[in-house]
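Asker: Sequence:
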Amino acid sequence: MPFELRSSSQVKEAERRRHVAAAAAAASISPTKKRKHRKASLLECLPVELIEKIFLYSLDINLPRASPTLAAALSSERIYRVLILLSFWDDSPRSDDDNDDGQSRAAISRALRPADYVPLEDEERRRLQSAILRCRWCTLDRVRAQLPELMRMTVQKHWFGAGITMDDAQQGALTRFLERKEDVRTFEGTGPNGKTYVLSIDPLVSVSIHCPETGHLKTHRVLSVRTFPDKLLRSGHDDNDIAFLEMLRHACGFSSNFEDASGLDLSFSRDALQKGIHNALVANNARALTTLLKIDEYFTRRRIIARNNAAAAAPGALSSSVDDMLYYSLPAEHFRTAVHKAGHDPTFFQLLLRANAESVPPDDPDITQWAMDLESDSDPTNNTKNNSNNNHAALGRWLLDFMTRLPRDIETARTNPREAAVFYLGAANRNVLMGRRYLEEVLQIGQAGDLPSWMEEVSYDVSIYEP
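Per my numbering: the sequence shown = residues 1 to 467.
What the hints contain is simulated information worked out from the structure, not anything from laboratory work.
No residue lacks a Cβ here, since even glycine has one placed at the ideal position from N, Cα and C.
Check before you lean on any hint, since a few could be wrong.
[To be verified] Cross-link-like lysine-lysine pairs, in silico, DSSO-like; alpha carbons within 27 Å at most:
no., residue 1, residue 2
1, 218, 195
2, 341, 275
3, 341, 231
4, 53, 39
5, 231, 275
[Unchecked claim] Each pair of labels, with its calculated beta carbon distance range:
no., residue 1, residue 2, range
6, 168, 445, 46 to 56 Å
7, 456, 331, 25 to 35 Å
8, 185, 366, 48 to 58 Å
9, 116, 306, 30 to 40 Å
10, 135, 283, 17 to 27 Å
11, 305, 271, 44 to 54 Å
12, 217, 172, 19 to 29 Å
Work out the full structure, taking the sequences as your base and the hints as a guide.
Answerer: Below, the structure is given as structure tokens:
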């Protein structure tokens, strides 16, 4: 029979099977076949070199994210290189720019190819640097690889660009140094005014120019850091994260007197930083904790000092009491976390003390009990095998006394932290009773000993130069 009559239920079942078969057939078609091809835009059709030019002119980091075609065109090592150079190169105008005969500027422009270089305003560079540091491709290795070029550009701008000339011997020595063939780091030249100038280079970190006749000294940072990225501050802190943070921190330089205001321009999220400190405590990562505490104290103190000075200098400002002043402190919760997570290991608590001992909550029952437990670890026989226990006991006794004294000492310490705090920039203050006791009783350092500032200590030093 050509056909046969079917019941309504059979018809419905046949329909259902057709729909299932159609769906299965559609699913078997590859995505490229069933998706209609999008027509390429005019921008995507341009030669790669022209797309690069447009991107480097706009410096819009979102452009490569607009399409896979643009991403492929702009995801190259030479583009990454130029973006890093542009974002970390400080080309602020100099008072002696008129002495540049054009050769220095030409050398810098060649280093920045394929970009047609135009100096960036400081805020524009800050935004670019912040955007670059958020990119996954902006790694420690890629930034570190550009430090030699940034160092050469810094010498070009501030030495040759200032019109300083060198004799053949000095010029040859500098050339060999920049080519990593020699490790002589001090050079001499003559300025347009006839005076002698001395060029001193801390490899990959800074370039200093000194005029002995006038005493004028200026230091220029090779890597001009304008921000610490949140992702590094609060991340899991693997070795690369810590090394990257240390490189950025070292690049900023240190000044215990805070006379150089350049660091005040550096931006970072203190909330992200405190989250990172908490994560380091929970992970028992002493290296990460040390780096984060150094960043927090140094740059937060700079910020606070600048704001307090500005408030005091404002028209009509009255003498400020401690209640009106900003002061540096750490969240008390960090000390509680150190006690709960580290057990009888006082390492992390002592790192927090070096950053700001006055932030210890003086009436916290958990910290008090922890100090009492440490104190009970003492060995009455003073056996050398139990020296660590005796050190723990000394810390416990010191901490109990410190917490008792803290309420009456804290105002003085906050008003004048450099002179009255137990620790300042990581250094123990021997002129303060509890600072002196910490040195002699806890660290068992003699009367002539000291615990210096830890700001100059670098766990990842890019300045180690291998010619």
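Asker: Any hints from earlier that this structure breaks? Give me their numbers in increasing order, please.
Answerer: 11
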